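Peer 1: For the sequence shown, position 99 matches number 99 in our numbering, and the numbering has no gaps at all.
Some hints here could point you the wrong way.
[Stated by the list, open to error] Here are the computed distance ranges between Cβ atoms for each label pair: (1) R70 with V27: 49 to 59 Å; (2) I53 with G21: 39 to 49 Å; (3) M28 with W94: 38 to 48 Å; (4) F56 with M88: 25 to 35 Å; (5) A45 with C100: 17 to 27 Å; (6) G95 with D40: 18 to 28 Å; (7) M48 with L20: 22 to 32 Å.
Derived by calculation from the structure, the hints in this document are not laboratory data. Just so we're clear, the structure is a prediction, and the values are computed from it rather than from any experiment. A virtual CB, placed ideally from N, CA and C, is assigned to each residue, including glycine.
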Amino acid sequence: MKSINFTSGLSTKIFLGFTLGMLFGLVMPEWGVAIKPLGDAFIRAIQMLIIPIVFFSVAAGIANMGDVGRLKRVGGKTLLIYTLMTIMAGAWGWGLPMYCSPE
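Start from the sequences and build out the full structure, keeping to the hints where you can.
Peer 2: Here you go:
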């Protein structure tokens, strides 16, 4: 089993940024209000990029697959997993309120 190295660059930087952001927000909350528009613009820019990146990644993967039989197998498995997850989500969405009804 491969162990996770938490001292590697990215995870350490993310944790450090998260911790410093929390401390900075606790010590100087008025600065958080002042830079909120920058944070909102950053989040919107990331959301704007997600759909094209996912689409072109999937398209490139399909184009590089080559074998049509392999593409059918992968596509069939993907469709099956998507259908099963949709059924499970529907069952949870219907069953949980029935079980936990506020009566």
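Peer 1: Please list, smallest to largest, the hint numbers that this structure does not respect.
Peer 2: 2, 5, 6
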